[in-house]
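Asks: Chains as they are written, first to last, in UniProt numbering: chain A, 1 to 417; chain B, 1 to 417.
Any given hint could be a false lead.
It does not matter which identical chain is used: a pair holds within one copy or between any two.
Calculated pairs, DSSO-like style, for lysine-lysine (alpha carbon to alpha carbon, straight line, at most 27 Å) [said to hold, decoys possible]: (1) K123 to K110; (2) K30 to K55; (3) K110 to K165; (4) K30 to K53; (5) K314 to K259; (6) K259 to K358.
Hints were generated in silico from the structure; no laboratory data involved. Nothing here was measured: the structure is a model prediction, and the numbers come from that model.
There are 2 protein chains.
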Amino acid sequence: MSLIVMKFGGSSVGSTERMQRVARRIADYKEAGHKVVVVVSAMGDTTDDLIDKSKELNANPPAREMDMLLTTGEQISVALLSMAIHSIGHQAMSFTGWQAGFRTEAVHSKARITDIQPDRLFKALDEGNAVIVAGFQGMTEDGEITTLGRGGSDTTAVALAAAIKADVCEIYTDVDGIYSTDPRVVKCARKLNEISYDEMLELANLGAAVLHPRAVEYAKHNNVRLVVRSSFTQNEGTSVKEEAVMEQGVVVRGIAFDKNVARISILGVGDVPGVLAKVFGALASSGIDVDIIVQSGVQDGKADFAFTVSLDDKDRAIGVVESISSEVPYREVTSEDNLVKVSIVGAGMVSNPGVAAKMFEAIYNLGVSIKMVSTSEIRLSCIIAAEPVQDVVRALHTAYGLDAAEQAFVGGPQDRR
Amino acid sequence: MSLIVMKFGGSSVGSTERMQRVARRIADYKEAGHKVVVVVSAMGDTTDDLIDKSKELNANPPAREMDMLLTTGEQISVALLSMAIHSIGHQAMSFTGWQAGFRTEAVHSKARITDIQPDRLFKALDEGNAVIVAGFQGMTEDGEITTLGRGGSDTTAVALAAAIKADVCEIYTDVDGIYSTDPRVVKCARKLNEISYDEMLELANLGAAVLHPRAVEYAKHNNVRLVVRSSFTQNEGTSVKEEAVMEQGVVVRGIAFDKNVARISILGVGDVPGVLAKVFGALASSGIDVDIIVQSGVQDGKADFAFTVSLDDKDRAIGVVESISSEVPYREVTSEDNLVKVSIVGAGMVSNPGVAAKMFEAIYNLGVSIKMVSTSEIRLSCIIAAEPVQDVVRALHTAYGLDAAEQAFVGGPQDRR
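Input sequences plus hints: build the corresponding full structure.
Replies: Okay, here's the thing in structure tokens:
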């Protein structure tokens with residue numbers, strides 16, 4: 001008998017039939033003798049519909065009232081799912097975030113969880129119920145209803161799994177696991193059996209939208225074993241945990257790419273003390289996240305800088321740079337979009353010095369020039385032109401031995417772990 | 001400066017435009033310097049839509065989960081109304097039932113309020129907010145969400161007005177007050193300026209659907225001054241209070257009628273001890289409310305009984321009577337529908353002995369026979385055939401001097417009270 005947390009997103013409960021399918025899955029676990037705690041998001045378009053209604057009345061509604069409004073979406077989901085479970089002969093009890101004991105900071109629309117007091121959930125479990133908890137929401141010390149912001153239901157599930165010491169936290173979604181790269185781009189992308197928290201974090205931050213980074217961080221910090229799997233199939237999914245076993249000879253786990261990239265270059269910057277601090281301090285206080293930063297060598301006392309921001313922030317970032325031109329004299333600011341960041345991610349990279357060279361070579365062989373490079377312990381990212389991105393990802397996928405054809409050998413002893 | 005409770009039903013907030021109109025009304029009171037607490041029901045068809053969704057998943061959903069589901073309707077209303085008030089430049093804060101301090105019995109779908117702790121509402125009022133409270137809902141000691149059952153939002157408003165010692169509790173609805181009879185039946189029905197709690201209770205119980213009897217009882221018990229008025233006009237409405245002033249020479253306040261009536265007769269009942277207790281005990285334990293009971297004189301040791309039930313309960317009531325025929329021997333059980341209960345209501349009836357005779361005479365003059373009669377201190381009801389009900393109500397309305405033509409004299413000094 002295990003204690004299992006299952007999390008279902010909005011599309012998994014988006015219709016009566018899907019809700020019934022989820023109820024059946026929960027019943028199967030109960031019938032197998034497990035204790036089950038389920039976290040659910042708002043059904044399908046509910047949240048968007050509520051937002052539309054609010055916009056009709058107030059173009060800029062107060063965050064507190066928005067939280068009051070949006071949390072009803074998950075409350076509807078948990079009540080209906082509980083009813084669906086009852087209708088197939090099993091006991092269930094639904095709980096709002098505050099009923100489930102979620103305490104948060106006194107911040108609306110993006111509160112962080114400060115504490116979970118799951119006493120009521122344990123009582124309901126002991127009485128034989130499937131426990132159904134509304135995702136994405138909590139309550140402040142003063143009894144104000146809050147929401148956790150984007151990815152909130154993932155975070156709810158992981159934090160709950162940590163609080164109740166669940167054996168596993170299963171994240172049900174519309175894909176059947178984490179892939180070595182986007183299967184829509186690379187046909188021979190393969191589903192990973194295991195991945196480490198850190199690798200998952202790098203992939204999530206780089207645009208693999210399956211799991212929210214905050215939830216992964218929470219899982220890593222509390223050592224919660226995650227499984228990402230499909231709500232539509234019985235496939236095993238991908239296990240996310242501290243030490244994920246690497247297949248023999250494989251050092252790269254996956255390849256991510258992100259098209260939401262712009263590069264801004266500041267050319268001919270005078271040798272003013274603290275110039276980097278001034279530029280990036282000004283960008284940070286405008287709320288602009290800078291990703292990669294490159295400084296080329298100083299010539300004649302002048303330097304060139306380049307950095308990347310998300311495409312949406314490009315114009316604002318140029319404005320910020322122009323606004324500090326009196327403090328930081330420079331010759332020219334230029335920008336470039338139509339760029340892609342391609343990244344290879346893998347815990348094995350640290351101890352395998354040839355990994356970077358192989359990436360550069362594969363890109364070079366396609367005649368593509370690399371505009372910027374950035375590295376972390378387990379990641380290597382290159383900024384390239386957007387156009388040949390599919391070719392580049394495919395070439396890298398093959399170069400690092402990730403193509404699904406090789407999965408045959410994984411199907412051996414590795415699959416039984 | 002007054003402290004005012006305003007209650008708006010579902011149709012008053014059933015669309016964006018209506019919601020905006022309600023927000024404007026609340027802003028008007030705030031601008032006039034009043035403190036305002038608003039109780040709102042779920043918008044338009046929201047509750048019905050939620051019930052439909054639940055039925056798709058479970059034909060007989062658990063009451064606890066139904067309460068979890070349905071309370072979202074009011075939570076959506078309060079959040080949206082608060083946003084609408086903000087958008088016209090006023091502060092507002094919305095509260096669920098539990099946030100507003102409503103504690104109830106541990107009963108789902110029809111809980112009674114046990115306590116109200118309005119501290120948070122006072123704090124929000126003191127900070128300059130219009131306070132918007134979700135009607136129809138509360139929380140048990142154990143933190144379970146409950147609903148108050150039919151008429152729950154009226155009860156929420158009245159109980160809140162009592163708890164915060166409001167100067168008045170205004171019930172906004174789609175009619176502009178309480179009428180002397182149904183204006184759809186009698187064109188010259190007139191709006192009453194005042195009515196007593198007891199009169200309102202008799203009228204409410206008799207089918208005037210404007211105010212729920214439970215809310216009126218609560219108002220009477222806590223001496224809350226109610227005003228029933230239209231959310232679509234600025235008309236003054238009807239004031240409901242302990243001592244309502246009667247116009248000179250008028251003893252009857254209003255005339256009610258109820259078509260949901262069936263009569264069941266048990267003929268030739270043997271003279272068994274406790275026969276009434278057995279029959280009506282059996283009906284009560286089957287959850288059937290009996291209204292009027294008449295026993296005719298005993299002949300040859302056999303008696304005839306007749307009683308009325310609501311039309312929906314007729315067949316079940318006959319079943320119950322048949323099921324106890326071994327304990328209570330009788331010759332025959334018959335039933336009759338196509339009946340109406342017509343009632344005159346007025347606090348002045350007690351001290352005016354000719355009132356009943358006038359009713360019987362007016363009905364007799366129309367050639368209609370009276371099948372049963374029932375009285376209370378301030379009410380006289382007759383069961384008659386359904387057919388001429390409009391003629392009977394019109395005739396009584398005229399006989400008791402209620403026709404609107406006479407309202408001219410009310411428009412004098414009485415109107416300024």
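Asks: Would you mind marking each hint as holding or not holding in the structure?
Replies: Going through the hints against the structure:
1. K123 to K110: The answer is between: 25 Å across copies meets 27 Å, while 29 Å in one copy does not.
2. K30 to K55: So K30 and K55 pass the 27 Å test across copies only (24 Å; inside, 42 Å).
3. K110 to K165: Within. Shortest intra-copy distance 25 Å satisfies the 27 Å Cα cut-off; inter-copy 37 Å does not.
4. K30 to K53: between (39 Å within a copy, 25 Å between copies)
5. K314 to K259: within (13 Å within a copy, 71 Å between copies)
6. K259 to K358: Cα proximity of K259 and K358: one copy only (22 Å, versus 88 Å across).
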